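Chains A and B supply the protein sequences, listed in that same order.
One rule links them: number in this note's numbering = place in the first sequence (from 1) + 14.
One rule links them: number in this note's numbering = place in the second sequence (from 1) + 14.
Simulated from the structure, these hints should not be mistaken for lab results.
Heads up, some of the hints might be wrong.
Each pair may be met inside one copy or between any two copies, as identical chains are not told apart.
Unchecked claim - Each computed DSBU-like pair below joins lysine-lysine, with the alpha-carbon atoms no more than 35 Å apart: (1) Lys395 to Lys68; (2) Lys395 to Lys201; (3) Lys169 to Lys68; (4) Lys395 to Lys204; (5) Lys388 to Lys68; (6) Lys388 to Lys169; (7) Lys68 to Lys204; (8) Lys204 to Lys25; (9) Lys169 to Lys395; (10) Lys68 to Lys303; (11) Lys388 to Lys204; (12) Lys25 to Lys303; (13) Lys388 to Lys303; (14) Lys201 to Lys68; (15) Lys204 to Lys169; (16) Lys201 to Lys388; (17) Lys395 to Lys303; (18) Lys204 to Lys303.
Just so it is clear, the structure is predicted and the values come from calculations on it, not from any experiment.
2 protein chains.
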Amino acid sequence: MFFADRVQDIKPFRVMEVLSRARELEAQGRDIVHMEVGEPDFVTAEPIVEAGKKALTEGMTHYTQAVGMPALREAIAAHYQHQYGLDIDPRRIIVTPGASGALLLIAALLINPGDGMLMTDPGYPCNRHFLRLVEGEGQLVPVTAADHYQLSAAKAAEYWQPNTVGALVASPANPTGEILSLEELAKLYKEVQGRGGYLVVDEIYHGLTYGERAHSILEVADDAFVINSFSKYFGMTGWRVGWLVAPEAAISELEKLAQNLFISVSTVAQYAALAAFNAQSREIFEQRKTIFCQRRDFLLPRLRELGFDIPHTPAGAFYLYANINRFSDDSQAFCLEMLERHGIAITPGVDFGAYQSDQHVRFAYTTSMQQLEKSIEVMTKALSYG
Amino acid sequence: MFFADRVQDIKPFRVMEVLSRARELEAQGRDIVHMEVGEPDFVTAEPIVEAGKKALTEGMTHYTQAVGMPALREAIAAHYQHQYGLDIDPRRIIVTPGASGALLLIAALLINPGDGMLMTDPGYPCNRHFLRLVEGEGQLVPVTAADHYQLSAAKAAEYWQPNTVGALVASPANPTGEILSLEELAKLYKEVQGRGGYLVVDEIYHGLTYGERAHSILEVADDAFVINSFSKYFGMTGWRVGWLVAPEAAISELEKLAQNLFISVSTVAQYAALAAFNAQSREIFEQRKTIFCQRRDFLLPRLRELGFDIPHTPAGAFYLYANINRFSDDSQAFCLEMLERHGIAITPGVDFGAYQSDQHVRFAYTTSMQQLEKSIEVMTKALSYG
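This is chain A alone, in the form it adopts within the complex (with noise of 0.2 Å):
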C-alpha cells in the first residue's frame, strides 16, 4: 500500500515504545522504576473525579457547544483573572480534546504549505508533526543549556527564514522543565510581532513551578495564541480536555474549524474540569506540586552526583534533561540497556529533537519518591561498573 509522503516524516513517539516495553518486562516479573511517562502518577483528584461522575448520573451524555459548554469557557476565563489578574473574554476561549485538539486548531488555522514556525530541538515531538501534517514544517532551533533551552529573540532573529510564519514556545518545556521569564515572553514576542509573525505559547505545564511562577504570554499581548489543558497540573491526563486562547479576529474561524473536526470535546470530561476550579481541588493540586517539587529537589542532586550534567536547575514540570556524555555517546544504547539489564526506564533524546540528542536522556518524576530513590541506588551500582 501507499501511504502519503508526510507519513514517512512523522516519527513515532519513542517514549510509548519504551513504555510498551516496560510493560512487556513487568509482565514477565521485573521491577521497572518508570521515569519515561509525562504523566502526573496520581489518579484525578477526588471532586474532578466525583463531579464527572455526578455529570453522568445526570445524564449529561449528548454533545456540547464545538468550542465548549459556556459555563467552562467562564471558569477558565475567571481562572486567567485569580492566577494572572487578567481579563480574558470567555469568547476567546476554545475547549479542545487535549492540548493535541488546540495544536491541530493552530495548525489548521495558520499554517499553509511551505510555511515554517521555529521551535527548539529538543522540544515536544508532536509539535513539528502537526505542522507537517497540514504541509507545513517546524522549524527547528538548537538550544543548549546555555540558552536553558529556550528561544530567545536572538535566536528568533538568526533563525527566522522567508517562510516562518511564527515561533511556538513552551514554558515551562518538555524535555527540559525550563521557563521563559516575564521579559523573555516580552522580548520574544516583540520581536515575532515585529516581523508579522504570530507567537504561540504552550503553557500546559504552568501551575507546576517550583519557587518561581510561570508567567503568561497573555500578561504581554492580546493577539498571542496559548495552548494550555487540564492535563498537568490539573492532573486530567486520561479525560482529554485542553483549551486555546486565541485572539477576537480568530474565534469564529476557530469554532468552525471545531465544528469540523472534533464536533465537540467529551462532555463528562468538562463538567468534571468544571471542578477543577474550586478550593478543594486547588488544595489537592497544589499537594501534588509540593511532591513533584520534593522529587525535582532528590533527584536533581544526585544525578549530578552520579556524572549527568544538568547545569542549570529547571523551574517547573516534572523533567530534568541530563547529558550523558559521561556516560555514553548513544542515548538510545543507554536508555535500551538502563531498562532491560537495571530496570530503569528513561526516554533518549531522540525523541524530542535531534541536536546532540544522542547525548541527551529525559527523566520523568512521575514517580514516588520510593522509587526514585530505588533508581538512584540502582543507577549508582550500574554506572559505577559502565
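We have chain A; now place chain B onto it with these hints.
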C-alpha cells in the same frame, strides 16, 4: 490577521447555527420542535453510564495506549464476529476520538496535497473538510433520489479523475439514510480497487436500519477502511469514542499518527464503551431502534402528504432528506421561516453540499413521537397558508 487559505474553504456546520438560534428562541419562551440535530435524543444507556462511573471510582483516569485499550479493541473485534460473522484481528482496530478522529487519521494517512477522493453530494460535510485540512480535496459526485443518493460503481468510474486516490461513502448515509447493498458495495470496491484506489466506508449508522440489514465493506474486502463510532446506535455521542478498521499494512503507520495527533482517547469513554457490548445494553439499543423505526414510519408518509418529495423510503439512520420545490426554491429561507415563524428546527440542504441543495432540507427524527406529531400539525397549518 491572516489565516491559512484552507480556512476560506472550510464551511461552518449550519446545523449548529440552527441549533444555536433554536436555543435562543427557547430562552425567549418559544416552544421549538428539534428536528435538526444528528444525535439520538436518548441519554446513554444505563449499563454504559454505570461502567463509566465504575471506571472513575476505580481511578481509571490515566492515558491508555494511543490506539485504544486492548480489551476494547478485542471487544470490537468480537462485535464483528457476532454481528457480521467476520474474523477481524483486533490489531486492525484503532480506537479514535469519535469518528471525527478516524476521519483525521484517514486523511493524514492517504492524502497527499492535490489528491482527491470521491464522495457523494449530498453527504456529510466534514468529510471534504478533513481532506482540505491536509491539502487534498473532496471530489463531489452529484447523486439524486434515483441513485438513492449513493455512489454507484458506474458513477465512480464516470467521476474518477487523474488525481483521485479513492472513494469515501457512507452506508447508511447522512443526510439521506440510504444504504448500499452488499452487491453495490462489492461492485464499488471492484471499481475503486481496479483503479488502484482506496475505498473508505463510513458505517457509523450501522445497527440503525429498519427491515434491511446494512452490510459492512469488510464482508467484501480486507483492504478497505471502515469508520465507525459508538455515537449513534450505541448512543454515546458526548463521550467522543469511535474506531477505524484498517488493512494490516496500515496498522503501524496509523499507530504513529494516533500517538502524535491524539496521545490517547478518553479513558472513561473506553471503559464505558466496553459495556456497550453486553446483552443488557444491546436490549436497550434494540428497543431504541424500534422507536426510531416507528418515528420514521410516522413521519415519512405525513411529510409526503404535506407535499415534501421523498421518493424512496430510506432504510437507515434517523434522517429524511426531502425535496421542498413545492414550497420554495431557497431551502435556507425556508428553514429560517420554519424556525422563526413556526418553531420547527430543520437543516437546509446547503449543509450537505451544493447539488440541488437549495431544494432540499433534512429532517432528523431524533425527537419524541409527541414532538413529531406536533411538527406535523404545525406544518399542516403553516404550509397550507404558505
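The hints, checked one at a time:
In this homomeric assembly, Lys395 and Lys68 never come within 35 Å of each other (Cα to Cα): the closest approach is 50 Å inside a single copy and 43 Å across copies. Taking CA atoms no more than 35 Å apart as the test, Lys395 paired with Lys201 passes in neither setting, with 46 Å inside one copy and 66 Å between copies. When the C-alpha separation of Lys169 and Lys68 is checked against a cutoff of 35 Å, the pair qualifies neither within a copy, at 49 Å, nor between copies, at 51 Å. In this assembly of identical chains, the alpha carbons of Lys395 and Lys204 never lie at most 35 Å apart, being 50 Å within a copy and 63 Å across copies at closest.
In this homomeric assembly, Lys388 and Lys68 come within 35 Å of each other (Cα to Cα) only across copies, at 33 Å, whereas the closest approach inside a single copy is 40 Å. In the homo-oligomer, the alpha carbons of Lys388 and Lys169 never lie at most 35 Å apart, since the shortest distance is 40 Å inside one protomer and 66 Å across protomers. In this assembly of identical chains, Lys68 and Lys204 lie within 35 Å of each other by CA distance neither inside one copy nor across copies; the values are 46 Å within and 50 Å between. Taking the shortest alpha-carbon separations for Lys204 and Lys25, both the intra-copy value of 33 Å and the inter-copy value of 34 Å come in at or below 35 Å.
When the C-alpha separation of Lys169 and Lys395 is checked against a cutoff of 35 Å, the pair qualifies neither within a copy, at 41 Å, nor between copies, at 70 Å. Taking identical chains as interchangeable, the C-alpha atoms of Lys68 and Lys303 lie at most 35 Å apart whether they share a chain (27 Å) or sit on different chains (28 Å). Neither within a single protomer nor between protomers do Lys388 and Lys204 lie at most 35 Å apart by alpha-carbon distance, with minima of 46 Å and 60 Å respectively. In the homo-oligomer, the alpha carbons of Lys25 and Lys303 lie at most 35 Å apart inside one protomer (32 Å), although the nearest pairing across protomers, at 43 Å, exceeds that limit.
When the C-alpha separation of Lys388 and Lys303 is checked against a cutoff of 35 Å, the pair qualifies only within one copy, where the shortest distance is 21 Å, while the shortest distance between copies is 56 Å. Taking the shortest alpha-carbon separations for Lys201 and Lys68, neither the intra-copy value of 46 Å nor the inter-copy value of 49 Å comes in at or below 35 Å. For a Cα distance limit of 35 Å, the shortest separation of Lys204 from Lys169 inside one copy, 13 Å, qualifies, whereas the shortest one across copies, 55 Å, does not. Taking the shortest alpha-carbon separations for Lys201 and Lys388, neither the intra-copy value of 43 Å nor the inter-copy value of 62 Å comes in at or below 35 Å.
Proximity of Lys395 and Lys303 under a CA criterion of 35 Å is satisfied intra-copy only: 30 Å inside one chain copy versus 64 Å between copies. Taking the shortest alpha-carbon separations for Lys204 and Lys303, only the intra-copy value of 32 Å comes in at or below 35 Å, while the best inter-copy value is 59 Å.
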